[in-house]
Each structure stands twice: as structure tokens, then as C-alpha cells.
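For reference, the chains in residue letters:
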Amino acid sequence: MPDKKAATPQNTDAQHSDSSAFSRIFNKLGIYVVVILLILLGMAVSGGQFFTSGNIQSILEAVALIGMVASGLIFVTYSGNMTDMCIPMEMAFAGMMTVQCINFGFWAALLAGILTGALIGLINGFMIGKLRANPIIWTWGFNLLLSGIVRVVWGGKQLYADTVAESTDFAQRSAEQFYSISRTYIGGIISLMAIVMIVMFAIAWFIHAKTAFGQKLKIIGTNYDVARFSGINCTATLVLTYVLCGVSSACGGIFYAALRKTASYENGTGYDFSCLTAVLLGGVLLSGGKGSVVGAFGGVIAYGILNNILSWVGLGTYEKYLVQGIVFLFIVWLNTYSNRKLGKA
Amino acid sequence: MKNDKKPGFNLNFINTNRSYFFLLLILFCGLFAKNFFSAYNICAVTGNGSLVIYLGLGFTLCLIAGHMDLTVMYVSTFASLLCLGLRASSGLPWAVCILLATLSGTLVGLVNGILVTKFKIHSFIATLGMQFVVKGAMYIYTGGAELSIGRDYALNEALNGTVGPLPVSLFFLITTAVTFLLMAVLRYTAFGRNLCMIGGSLETAWLAGVNSSLVTTMTFIISSTICAFGGALNGIYSGSASITMGEKGISPLMIALTAAIIGGTSIYGGKGSVVWTWVALVAIAFLKSLCKKTELQVLVIAAILIVCIFYETLAKYHRDRVVGTRPNLRLEYLNESRK
Numbered sequence: 014m015p016d017k018k019a020a021t022p023q024n025t026d027a028q029h030s031d032s033s034a035f036s037r038i039f040n041k042l043g044i045y046v047v048v049i050l051l052i053l054l055g056m057a058v059s060g061g062q063f064f065t066s067g068n069i070q071s072i073l074e075a076v077a078l079i080g081m082v083a084s085g086l087i088f089v090t091y092s093g094n095m096t097d098m099c100i101p102m103e104m105a106f107a108g109m110m111t112v113q114c115i116n117f118g119f120w121a122a123l124l125a126g127i128l129t130g131a132l133i134g135l136i137n138g139f140m141i142g143k144l145r146a147n148p149i150i151w152t153w154g155f156n157l158l159l160s161g162i163v164r165v166v167w168g169g170k171q172l173y174a175d176t177v178a179e180s181t182d183f184a185q186r187s188a189e190q191f192y193s194i195s196r197t198y199i200g201g202i203i204s205l206m207a208i209v210m211i212v213m214f215a216i217a218w219f220i221h222a223k224t225a226f227g228q229k230l231k232i233i234g235t236n237y238d239v240a241r242f243s244g245i246n247c248t249a250t251l252v253l254t255y256v257l258c259g260v261s262s263a264c265g266g267i268f269y270a271a272l273r274k275t276a277s278y279e280n281g282t283g284y285d286f287s288c289l290t291a292v293l294l295g296g297v298l299l300s301g302g303k304g305s306v307v308g309a310f311g312g313v314i315a316y317g318i319l320n321n322i323l324s325w326v327g328l329g330t331y332e333k334y335l336v337q338g339i340v341f342l343f344i345v346w347l348n349t350y351s352n353r354k355l356g357k358a
Numbered sequence: 339m340k341n342d343k344k345p346g347f348n349l350n351f352i353n354t355n356r357s358y359f360f361l362l363l364i365l366f367c368g369l370f371a372k373n374f375f376s377a378y379n380i381c382a383v384t385g386n387g388s389l390v391i392y393l394g395l396g397f398t399l400c401l402i403a404g405h406m407d408l409t410v411m412y413v414s415t416f417a418s419l420l421c422l423g424l425r426a427s428s429g430l431p432w433a434v435c436i437l438l439a440t441l442s443g444t445l446v447g448l449v450n451g452i453l454v455t456k457f458k459i460h461s462f463i464a465t466l467g468m469q470f471v472v473k474g475a476m477y478i479y480t481g482g483a484e485l486s487i488g489r490d491y492a493l494n495e496a497l498n499g500t501v502g503p504l505p506v507s508l509f510f511l512i513t514t515a516v517t518f519l520l521m522a523v524l525r526y527t528a529f530g531r532n533l534c535m536i537g538g539s540l541e542t543a544w545l546a547g548v549n550s551s552l553v554t555t556m557t558f559i560i561s562s563t564i565c566a567f568g569g570a571l572n573g574i575y576s577g578s579a580s581i582t583m584g585e586k587g588i589s590p591l592m593i594a595l596t597a598a599i600i601g602g603t604s605i606y607g608g609k610g611s612v613v614w615t616w617v618a619l620v621a622i623a624f625l626k627s628l629c630k631k632t633e634l635q636v637l638v639i640a641a642i643l644i645v646c647i648f649y650e651t652l653a654k655y656h657r658d659r660v661v662g663t664r665p666n667l668r669l670e671y672l673n674e675s676r677k
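The listed protein sequences derive, respectively, from chains P and U.
Basically the working numbering = 1-based index in the first sequence + 13.
Basically the working numbering = 1-based index in the second sequence + 338.
Hint data in this document are derived by calculation from the structure and do not stem from the laboratory.
Since the structure is predicted, the reported quantities are computational estimates derived from the model, not experimental observations.
Heads up, some of the hints might be wrong.
Claimed, not checked - Label pairs and their computed distance ranges (CB to CB): (1) 181(P) / 606(U): 51 to 59 Å; (2) 58(P) / 523(U): 45 to 53 Å; (3) 173(P) / 589(U): 53 to 61 Å; (4) 343(P) / 661(U): 35 to 43 Å; (5) 343(P) / 486(U): 30 to 38 Å; (6) 641(U) / 177(P): 26 to 34 Å; (7) 238(P) / 481(U): 25 to 33 Å; (8) 177(P) / 431(U): 38 to 46 Å; (9) 343(P) / 431(U): 33 to 41 Å; (10) 606(U) / 236(P): 32 to 40 Å; (11) 369(U) / 139(P): 38 to 46 Å; (12) 589(U) / 275(P): 17 to 25 Å.
Stated by the list, open to error - Which chain P residues face chain U? A few, computed with CB under 7 Å, are given here: (13) 120; (14) 121; (15) 144; (16) 146; (17) 157; (18) 164; (19) 201; (20) 202; (21) 342; (22) 345; (23) 346; (24) 349.
Glycine residues also receive a C-beta, built at the ideal position from the N, C-alpha and C atoms.
Generate the whole structure from the sequences, applying the supplied hints.
This is the structure:
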């Protein structure tokens, strides 16, 4: 593990002060401590009903979509480009395209949706990797453009798979198959969405830890100029980063459309914020080059449990915003603070 | 020097004044629309577009300082709710209501500034979080209900009414006055010049002895205060306020960003003018009345935004490619001109 080698010099530094030891521990696997604390809190709050199959199922379902998207977003954050504001429209557009192509069969529709996400990622990657556009402003503006395109092309309407599908047997069957992907339960408890999320995280872990791409991304995230001068093809790496983010967002969008049974332009609203929160909770640094997929997975779980606990306490959707915002700010502050204590500001 | 004179068509002139050309283009297109230039239409369009002008001013100010402020929209909505809510619940005079609502914006700006300068969080991320805090506070205050002005129509009519022979409402005139006041602050005070300097280069500002933390905090405070003031006035102007105000169709925040960038505010900070943003926002307000369908509005505004960002990015890309390749470019130039 390369991480352990990197940790050794920090170990000696950490003996100098308590605060940097705390920072180091937080930056390692601190999120799983938080997860355990949250589970204990959840058991206290829910009065013993936390571990019922219904509750675990609802946590996993709520987490699954965020997790799918976050497994791609982690690469963007890790590469030092903060966040991809295109995520809402990547999700919505992929869902729309999948429903629109449902007549060509279920698998072709899925492919169309994922290719849409990949194409959006490709454009983002070209603009940010090649032309060095401001990552936030470009993706934000592009999100608006995509929203305009989707609204004009489909007239601002919602799409339903069973009405889009022709009356042939084949098309109807594929529409039903499309609806069923978000409602399949393996072993009666764990939904297919959660399985897909875990598989995507496993793939993300492999790409991040075991391939040359992951190592290149670490250098790019740490220092872009150094990476460029040491002969790394930054353009290709960043394009691949955004394509990965696009594909994972598209997967999330397709499952979301299947879950809600509708595809519309406002499908992914709010996911940019919640996925970023989850990724940052998992200890990925905003400035890039630090963090792990395992940590991000913990972040996603912690975010889901936190939301679940807030529901048990009895907060509505809107009161949750306040708590989520404060938690987000606190996490970002801790993130930045520990970074500065480790001398990596 | 005679070499400075460029022959023919000057693209740079068009680029610098692109917001004016944008306004002219929209007004020209307006010639073909029915009743576009009637006094009623102009009054309604400029009045309804005024809220976004306040947001645009706040956003531009932060963008010049090299930061982004996403809270502007929610700050103004919260201020309008607070203004109408205070009036309905305790019957305070309007001036006090507006003042208290504006102070709520000042508070949010102060928190933003502290998050950015003391906690060293990137402004985009900090305000993204604050946005949800303000949103949550807003829902808790109203419980999701829509607040209405009731039967206090005096100030509402005054804001809606026209002044003298001008075909614009009082609300728009106040907006314009605020814009030019802000322009004067940016241009003629030490604070304004420091603001541009920390946006252009933080290191230079530090070397020049500018207290950048103070200036950044002040920027966020002014930006949020202006937006809260605008929101409070807009609540009175439109007679009602709800938590989803401005969320129908295209988000006002995106319009503010678009206008700031069309107006020529650099996305890298350090350059920009509130007057350019004002012109661009008036143009966008007319554009919205020109194409009635929301879908088309979103597409047109987004297309303009993307073209502007693309142009700026490309220009910077070409500039960066030249940097360092010919270090003695200026000497070469001087030698050539001497010959």
C-alpha cells in the first residue's frame, strides 16, 4: 500500500502536537468511527428499531443513488477540480435518453443513457483538461445549457417509459424491465441498487489504487504543473476523469428515473450538493491529491445514516436542509483545518 | 508611437463593450415584436427585472474579488419574507422592516466572510453550504407558507408608480441609483481599488499592504446587504413573497452569473464593472419579455453564457501558451520599432 509509506513521515511530525495527530487520524479512517457513533446514536434515537430490515433497506436505497454518483465524483474532487456542477443534468439527461430509447430494447436503452453521460463528461474533460477552463464556472454554465437543450427538445414535459414504448410486446416488456431495476430485491432485503453501488465502488477502488491512471491523478491533484512537466498526459487523464464521473452520474440517473417512474429535466436536482458532502465526509480533500475510495464509501454511508437519524428525530425535508448545511460546513472546515495542520494547505 | 494604431476593425473594442452591443441587439429585435416599446411594457419589464439586478450586483462584486457568492438568491428571498412577515406580525413601519431585513443579509454576509477568511474555506464551497443553512432557516421561519402584503398598498403603489415623465417605475430607479453608487464606491474609494487588487493578484495586494481579510469580508457583507435590500424591496413591489420566489423556470442565480460574465467581469477575478452587469441584466430582462416560453429563455441565456465562457477560456488558453516561449518579446518589439 502506497498510503502507509506516505504516512511514516507524518507519524514523526504528529508527535509534536496533539492537534496534528488528531488531524492525521481524522484523515485516515476516521469516518468509520463517525459511522459507528452515528449507528449508536441511531439506535438510541429510534428506540431499537434501527436494525429492522425495513430501516436498513431504506438507508441502503437512499444511499445507493448518492453512492453511485459519488463513486465517479471522487475522481473529479481528487484531481483538484473541486466538483462537477453538471451532475444534475447528467443524471436527468441520461434518464431522458434511456426512456426515449426504450423501444430499441432494454439493454440498448441503458447503453444510450450511459453513452449520453460519457459524452457530456467528454466535453467537460476537453474544456477543463485541454483548454483549462475554470472547472466550476464551466460545468455550471454547461449544466444550464444542457437544461435548456433538454427543456426545448422535450418541451419541458415528463417522460413515462410505458407511454413512450410502442404497443408491441417487445417494447412493453423492456419498459417493464426498466421499471423493475429499482425494485428488485436480492434475498428480500438488499436492493439491486445497493449491489450496483457496491460494485461501482469496487471498480472505483481498483481504478484509483491499482492502475497507473490513479497514480497520475494523484500527481495531477497534488500539483498540476509538476505533473505536466514530469511528462504526464494531463489532458487525457482529466478527460478520462470527467468521463468516469459522467458515466457514474448516468448510472445514478437511470436508476433514479426507474425509481420515480418518470424522467424529467429536474430529476437530479440537489445531487451535486449531497454527493459532494458525502465525498468530503469521506476525507477526500477539496484541494485534491488526497483521499481514498474506501473513505468515500464510509462518507456515503455516514451521510445516509445521518439523514435517517434526522428522520427519526422528526425533522421534515426542509428542516433537514439547515442541519445538512451546518454539517457540510463543519466537515469542510475540519477538512481544511486538518489539511493546514499537516502543512499541506 | 505609431505602431500602437491598429488599422481597421478593432475586435477588442467590441469585446470590452459587449454588454452594450448585447442590449442594442435585443432592442433591435424588439422592433419586430408587438407593443415592445410601449411605456407599460418597459415599466413592467424593468421593474420585474430589478430583483435580479441586485443579485447581479452582489455576484459581480464577489467575482471581481475572485470569489463566488451563491447565497445571494436565498438571502434576498429570506429578506423579502422577513420584511413582509415583520410587517404582518408586529405592524412595524416599513422603514424598520426593510432595515431589519437588510441587517439579516449583513449577518449572512459576515458569516460568509468569516468562513472564507478565517476558516480558509474556498468561497464556492462555503457559500454552497450557507445556501442550505439560509434555505433551512427560511423554511423554518415561514413553515412553507406564502406571505402576502395584505392591504398595505401605499408603499407598493409608490414603488410601482412611475416618476415624472420617465417610463420606469420607482423601484427600477432605486436599483439604478444603487448601481451607480456602487460604481462610485468601486472607482473612487480606496476600498474599491483594494477589491480589484485582491481579485487580480492576492500576492501583489499583500505586498502592497492591503488587509485582504478585511476587504474580502467587507465584500461579502456589501454583496449580501445589497441583495437583502433588493429582496425586501422586491417583496413590497410584488406584494407577496414565497420560499420558491425566483425558482420558477430559470434560477436567478444563473442569470446573475450570466450577466456578470456577459458584462465582461473576468471569471478569474480582478476585472469588471457593476455598470456592465447592470446593462447586461436590463438586456436579459428585455430578452425575457421578447421570448415568452421559459424553455426558450433558458436555452438562449445558456447559449450566450457558454459562448462567453468559451471565448474567455480560449483567450486565456492562447495567452498562456505564449507565456515563457519568447521571454524577450518586449525587447524584440523595441528593436523593431527603433529600425
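Results of checking the hints against the structure:
1. Separated by about 55 Å at the C-beta atoms, residue 181(P) and residue 606(U) satisfy the suggested range of 51 to 59 Å.
2. Remark: the range hint 45 to 53 Å for residue 58(P) to residue 523(U) is upheld by a beta-carbon distance near 51 Å.
3. Checked against the hint of 53 to 61 Å, the pair residue 173(P) and residue 589(U) fails, with Cβ atoms roughly 26 Å apart.
4. Between residue 343(P) and residue 661(U), the C-beta spacing of about 40 Å keeps the proposed range 35 to 43 Å intact.
5. Between residue 343(P) and residue 486(U) the beta carbons are some 37 Å apart, a value that agrees with the proposed interval 30 to 38 Å.
6. The given range of 26 to 34 Å is respected by residue 641(U) and residue 177(P), whose C-beta atoms sit roughly 27 Å from each other.
7. In this structure the supplied range 25 to 33 Å is violated for residue 238(P) paired with residue 481(U), their Cβ-Cβ distance being about 52 Å.
8. Between residue 177(P) and residue 431(U) the C-beta distance comes to about 57 Å, which lies outside the given range of 38 to 46 Å.
9. Evaluation of the 33 to 41 Å hint for residue 343(P) and residue 431(U) yields a pass: the beta carbon distance comes to about 39 Å.
10. Between residue 606(U) and residue 236(P) the Cβ separation comes to about 19 Å, which falls outside the hinted range of 32 to 40 Å.
11. The given range of 38 to 46 Å is respected by residue 369(U) and residue 139(P), whose C-beta atoms sit roughly 39 Å from each other.
12. Between residue 589(U) and residue 275(P), the C-beta spacing of about 21 Å keeps the proposed range 17 to 25 Å intact.
13. Taking 7 Å as the C-beta cut-off, the interface hint given for residue 120(P) is violated, the closest approach to chain U being about 31 Å.
14. Nearest Cβ of chain U to the Cβ of residue 121(P): about 28 Å, over the 7 Å cut. The hint is violated.
15. Given hint, residue 144(P) at the interface with chain U, holds; its Cβ is 5 Å from that chain's nearest Cβ, closer than 7 Å.
16. Satisfaction of the interface hint for residue 146(P) is found here, the shortest Cβ-Cβ separation to chain U being roughly 4 Å, below the 7 Å cut-off.
17. The interface hint given for residue 157(P) holds, since its Cβ lies 4 Å from the closest Cβ of chain U, which is under the 7 Å cut-off.
18. For residue 164(P), the interface hint holds, the least distance from its beta-carbon to any beta-carbon of chain U being 4 Å, beneath 7 Å.
19. Checking residue 201(P) against chain U: minimum C-beta separation of about 36 Å lies over 7 Å; hint violated.
20. Checking residue 202(P) against chain U by beta carbon gives a least distance of about 32 Å; that is not within 7 Å, so the hint is violated.
21. Look at residue 342(P): its Cβ gets to within about 4 Å of chain U, closer than 7 Å, so that hint holds up.
22. Interface hint at residue 345(P): satisfied, since its Cβ lies 5 Å from the closest Cβ of chain U, which is below the 7 Å cut-off.
23. With a cut of 7 Å, the hint placing residue 346(P) at the interface with chain U holds, because the nearest CB-to-CB distance is about 5 Å.
24. Look at residue 349(P): its Cβ gets to within about 5 Å of chain U, closer than 7 Å, so that hint holds up.
The structure fails to meet hints 3, 7, 8, 10, 13, 14, 19 and 20 from the earlier list, while all remaining hints are met.
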